[in-house]
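Listed here are the chains, written in short residue letters.
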Amino acid sequence: GAVVSQHPSRVICKSGTSVKIECRSLDFQATTMFWYRQFPKKSLMLMATSNEGSKATYEQGVEKDKFLINHASLTLSTLTVTSAHPEDSSFYICSAPREGVGIQYFGAGTRLSVL
Amino acid sequence: LAKTTQPISMDSYEGQEVNITCSHNNIATNDYITWYQQFPSQGPRFIIQGYKTKVTNEVASLFIPADRKSSTLSLPRVSLSDTAVYYCLVVKDSNYQLIWGAGTKLIIKP
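So the protein lines, in turn, are chains A and B. Position one of the first sequence corresponds to residue 1 (the numbering used here), numbered consecutively onward. Position one of the second sequence corresponds to residue 1001 (the numbering used here), numbered consecutively onward.
It should be emphasised that the hints constitute simulated quantities derived from the structure, not laboratory data. Watch out, some of these pointers could steer you wrong.
As the list claims (entries may be wrong) - If the Cβ cut is set under 7 Å, some of the chain A residues that face chain B in the computed set are: (1) L44; (2) G61; (3) F67; (4) L68; (5) I93; (6) P97.
Glycine is no exception: its CB is placed at the ideal position from the N, C-alpha and C atoms.
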């Protein structure tokens, strides 16, 4: 079964609204989680590293005020797309490494469509 | 992080064994090799991970030569449901950060 839960799986919103995506590690704690964006037929692009109890680390070119990341607990990280615009439409995926096992598990992804 | 290179696409037939080779010339001593499978509109799914020689699990085998500059994912007796994109990644044990290449689109035909 899934060890990382991502919700919602799909969201359609109007331009200018904010959308929150949740990523939960189900049976392990994750001090670090990762957020990716994937365009059609392209590979995953790392957006940011979410760190429990501290600020997220953003990759170059990713607007931190646009993509707010909160890692408030050892099992939950959230990505909020603020004031979404059509160009933010994409597939967003989170992942969490299971420490000690050395394997990173991925959520099912969230398809965001901004009208 | 070590960059990986793998074929863009491959075709095979049901029941065949499929081998996908990945090169990672700049792999560091502490790096692991990991393979993921991704279906359209789904998150990647872990297949197998190894450090050297051979690793086998219930779905695949991973062969890594002594110099570790390449690795081969072997899928035994593929079925149509194995049609997916397969990604080879080198993972640093220290921070788990993954750098994704283009992957190999595997198409299995009946």
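These are the hints, each one checked on the structure:
A distance limit of 7 Å between C-beta atoms decides the matter here; for A:L44 the minimum to chain B is near 4 Å, and the interface restraint holds. For A:G61, the interface hint is violated, the least distance from its beta-carbon to any beta-carbon of chain B being 15 Å, above 7 Å. The interface hint given for A:F67 is violated, since its Cβ lies 18 Å from the closest Cβ of chain B, which is over the 7 Å cut-off. Restraint check, A:L68 versus chain B: the minimum CB separation of about 21 Å is more than 7 Å; hint violated.
Hint status for A:I93: holds, given a least beta-carbon distance of 5 Å to chain B, under 7 Å. Here the hint on A:P97 is kept, as its CB sits about 4 Å from the closest CB of chain B, short of 7 Å.
Going down the numbered hints, you'll see the structure goes against 2, 3 and 4, while the others check out.
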